[in-house]
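K.L.:
First to last, the sequence lines map onto chains U and S.
1208 is the number of the first residue of the first sequence in this note's numbering; add one for each residue after it.
1208 is the number of the first residue of the second sequence in this note's numbering; add one for each residue after it.
Do not rely on the hints blindly, as some may be mistaken.
Any copy, or any two copies together, can satisfy a pair, since identical chains are not distinguished.
SDA-like, lysine to any residue: derived pairs with alpha carbons at most 20 Å apart [unchecked claim]:
1. K1451 x C1339
2. K1486 x M1453
3. K1231 x G1326
4. K1451 x R1283
5. K1451 x R1340
6. K1486 x A1532
7. K1486 x A1378
8. K1486 x A1224
9. K1231 x I1413
10. K1374 x K1520
11. K1396 x P1275
12. K1451 x D1483
13. K1396 x D1353
14. K1396 x P1276
15. K1486 x A1232
16. K1486 x E1444
17. K1374 x G1409
18. K1320 x G1222
19. K1374 x N1452
20. K1451 x A1420
21. K1320 x A1295
22. K1451 x R1338
23. K1486 x R1340
24. K1374 x D1525
25. K1486 x I1413
26. K1451 x H1424
27. K1320 x L1277
28. K1396 x L1277
29. K1451 x A1425
30. K1451 x D1337
Keep in mind that the hints were calculated from the coordinates and are not lab data.
There are 2 protein chains.
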Amino acid sequence: MSLTIAVDAASGDGGSAPAIAAIKAVLAKDPELEIVAYGPQAELEAALAGVGRAAVLDAPEVIAMDDPPLQVLRRRGSSMFKAIEAVAEGRAGAALSAGNTGALMGMARIQLKMMPGCGRPAIASFVPCDRCRSEFCMLDLGANTDRTAEMLVSFAHLGAALHRAIKPEVAEPRVALLNIGEENIKGGKEIQEAGEILAASGLNFIGNVEAGALYGHAADVVVCDGFTGNVFLKTMEGLSSMIKNMLVDAFAANPVAKVGALVSLPVLKGLKEVMDVRKYNGAAFLGLNGLVIKSHGNADAVAFEAALDFTAKQLRQDLVATIRAELAAATAK
Amino acid sequence: MSLTIAVDAASGDGGSAPAIAAIKAVLAKDPELEIVAYGPQAELEAALAGVGRAAVLDAPEVIAMDDPPLQVLRRRGSSMFKAIEAVAEGRAGAALSAGNTGALMGMARIQLKMMPGCGRPAIASFVPCDRCRSEFCMLDLGANTDRTAEMLVSFAHLGAALHRAIKPEVAEPRVALLNIGEENIKGGKEIQEAGEILAASGLNFIGNVEAGALYGHAADVVVCDGFTGNVFLKTMEGLSSMIKNMLVDAFAANPVAKVGALVSLPVLKGLKEVMDVRKYNGAAFLGLNGLVIKSHGNADAVAFEAALDFTAKQLRQDLVATIRAELAAATAK
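Please work from the sequences and hints to get the whole structure.
P.N.:
Put into structure tokens, the structure is as follows:
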């Protein structure tokens, strides 16, 4: 298996700079990895000149963040299309892009196709919990807006496989369905039905969890529909950002507080580091015949490097093969 | 209209103490309000002896938090049942309870019945935003787990009426549907359909909002299904709590930080006060022929007082009549 990652180095908000810096950083620390970067050739070649194991392929066209996905799915000259094409044609093991999510998912589905036994792709990511000392895997984060029992069951298998690839030290990740608390209105019938199937699935299925319990690391793999997952993720990002701003405001408010802020600086820095969402950058598109990873559009070099690390782990563990085996075993049951 | 609130003073986690302290506090500051407290007579009478405008009615039975709602709906001797009964029989204008949500909702539906033109009740609450300098109203927070266009439209009217009652200074609250970001997969068809109806509804409908934008006060009334709303609320509570614990941890971690914490104490206290979720205690059950308000089960005296204030505002604005007029106008369109 080749440890080659195809990087769309042109579609993020920050242009190619974050991708270039991240590519240099990962190649320096990972002697087995190879990178093929897609984007404006002259610019990338100048930036990556002399960097071993980094190739550049010209892709003059860039998919914009606000391009309607359905209209750009077949732009073969774009850096996004070409990066996925490298995976489809076996020249790379995974593709990473910080571009338009809808376009990336659409292109991935067209070029890589769904894996047998998997009706829908899911977007999965790791989320900090337990005072940021651990993480759990959550999916779907927005690839689908509807919810059937079959989809939820399939997502459970996909998420468990991803968790094993990223955290192989956890042999049997605890899989749970996201649900709400009231006994008499517990979830819809799809969730109940999915629960019954998962209880007999061979996965380490622990039942339902509430959103509030997730931050106590109540489960390793949390399964929900893409609408709910997306709301969860955006709520987390919005609230974290508001609290961070309030801390900054509060310390800037008065002179005594300013002294407090100075003395507290190491603490706040430590907290900031622990809470640094850039470390959790990278969402895996699961269920396809190939690895495609989405970085946040506004990723800086640190965040892009985290997404490359996340990609390299999936590639090294041959996640596609693992998922294929997992789904085949589940279907055979 | 009588300004009498029927208080279930026995069903919260903390027994009757928080309710008693809160009742004394609101009666002292609001000279028009009257309270009837339901619970263990001797205990309540001793605690409220000499307090004007506070009556006590014996209700020896307490609905437990883990009682299956369907099994306790007709326990007529319970403090919860009797408080709602007072509203149903016109002896009180609103009922407040810190007890079992499912049981409270079930009893409220049975005794008060749904309002004409309203198929389902919704649970609504105010959520802090804009660095906690303002709030928005969100519903449904968990009364229903399914989602139809009609339900969402009805919730929009209910939420707008509640917003006007609590914040009459905002004449035309901005109403939005909670949705997710990707253009190609924007919401389900129910949300799209609801959006079309709301655009012609006469409400100040501003379209879709994403969860992340809510903290920037992107809308005054945010409408979603009860599953999504409940996940939103629990995520917010879980994450706030984790961040608060991390701040405490961080400041306790080393001696220099401890000095920082001392100097920063006023700032952290101010922040804590601004972020005090107890101030937002109180969820309104909307769509019924009567006002029923749910307090957090673990409310202390401060939180219970906030829920009483929230209840008094709805009562004073005659929210039930407002909603009835709002729904009649919407149906006549």
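K.L.:
Next, verify each hint and record whether it holds.
P.N.:
Do the hints match the structure? See the list:
In the homo-oligomer, the alpha carbons of K1451 and C1339 lie at most 20 Å apart both inside one protomer (15 Å) and across protomers (12 Å), since each shortest distance falls under that limit. Taking the shortest Cα distances, K1486 and M1453 sit within 20 Å of each other only across copies (17 Å), while inside one copy they are farther apart (22 Å). In this assembly of identical chains, the alpha carbons of K1231 and G1326 never lie at most 20 Å apart, being 37 Å within a copy and 60 Å across copies at closest. For the identical chains of this complex, K1451 and R1283 are neighbours neither inside a copy (41 Å) nor across copies (49 Å), given an alpha-carbon limit of 20 Å.
When the C-alpha separation of K1451 and R1340 is checked against a cutoff of 20 Å, the pair qualifies both within a copy, at 19 Å, and between copies, at 15 Å. For the identical chains of this complex, K1486 and A1532 are neighbours neither inside a copy (29 Å) nor across copies (52 Å), given an alpha-carbon limit of 20 Å. Proximity of K1486 to A1378 under the C-alpha cut-off of 20 Å is found in neither arrangement, the shortest distances being 23 Å within a copy and 44 Å between copies. For the identical chains of this complex, K1486 and A1224 are intra-copy neighbours only, at 18 Å inside a copy versus 46 Å across copies, given an alpha-carbon limit of 20 Å.
Within a single copy, K1231 and I1413 get their C-alpha atoms no closer than 42 Å, and across copies no closer than 45 Å, so neither meets the 20 Å cut-off. Taking CA atoms no more than 20 Å apart as the test, K1374 paired with K1520 passes inside one copy only; the shortest distance there is 9 Å, against 52 Å between copies. Taking the shortest Cα distances, K1396 and P1275 sit within 20 Å of each other only across copies (19 Å), while inside one copy they are farther apart (34 Å). When the C-alpha separation of K1451 and D1483 is checked against a cutoff of 20 Å, the pair qualifies both within a copy, at 11 Å, and between copies, at 16 Å.
In this assembly of identical chains, K1396 and D1353 lie within 20 Å of each other by CA distance both inside one copy and across copies; the values are 13 Å within and 10 Å between. In this assembly of identical chains, K1396 and P1276 lie within 20 Å of each other by CA distance solely across copies; the values are 19 Å between and 32 Å within a copy. Taking CA atoms no more than 20 Å apart as the test, K1486 paired with A1232 passes inside one copy only; the shortest distance there is 15 Å, against 48 Å between copies. For the identical chains of this complex, K1486 and E1444 are intra-copy neighbours only, at 13 Å inside a copy versus 23 Å across copies, given an alpha-carbon limit of 20 Å.
When the C-alpha separation of K1374 and G1409 is checked against a cutoff of 20 Å, the pair qualifies only within one copy, where the shortest distance is 19 Å, while the shortest distance between copies is 53 Å. For a Cα distance limit of 20 Å, the shortest separation of K1320 from G1222 qualifies neither inside one copy, at 28 Å, nor across copies, at 58 Å. Taking the shortest alpha-carbon separations for K1374 and N1452, neither the intra-copy value of 33 Å nor the inter-copy value of 26 Å comes in at or below 20 Å. In the homo-oligomer, the alpha carbons of K1451 and A1420 lie at most 20 Å apart only across protomers (15 Å), although the nearest pairing inside one protomer, at 22 Å, exceeds that limit.
For the identical chains of this complex, K1320 and A1295 are intra-copy neighbours only, at 9 Å inside a copy versus 59 Å across copies, given an alpha-carbon limit of 20 Å. In the homo-oligomer, the alpha carbons of K1451 and R1338 lie at most 20 Å apart both inside one protomer (15 Å) and across protomers (9 Å), since each shortest distance falls under that limit. Taking the shortest Cα distances, K1486 and R1340 sit within 20 Å of each other inside one copy (12 Å), while across copies they are farther apart (30 Å). Proximity of K1374 and D1525 under a CA criterion of 20 Å is satisfied intra-copy only: 13 Å inside one chain copy versus 56 Å between copies.
Taking the closest pair of Cα atoms, K1486 and I1413 never come within 20 Å of each other, the shortest separation being 28 Å inside a single copy and 35 Å across copies. In this homomeric assembly, K1451 and H1424 come within 20 Å of each other (Cα to Cα) only across copies, at 16 Å, whereas the closest approach inside a single copy is 22 Å. Taking the shortest Cα distances, K1320 and L1277 sit within 20 Å of each other inside one copy (16 Å), while across copies they are farther apart (47 Å). In this assembly of identical chains, the alpha carbons of K1396 and L1277 lie at most 20 Å apart only when taken from different copies (18 Å versus 32 Å within one copy).
Taking identical chains as interchangeable, the C-alpha atoms of K1451 and A1425 lie at most 20 Å apart only when they sit on different chains, with a minimum of 19 Å there against 25 Å within one chain. Taking the shortest alpha-carbon separations for K1451 and D1337, both the intra-copy value of 18 Å and the inter-copy value of 12 Å come in at or below 20 Å.
Taken one by one, the earlier hints fail for this structure at numbers 3, 4, 6, 7, 9, 18, 19 and 25, listed in ascending order.
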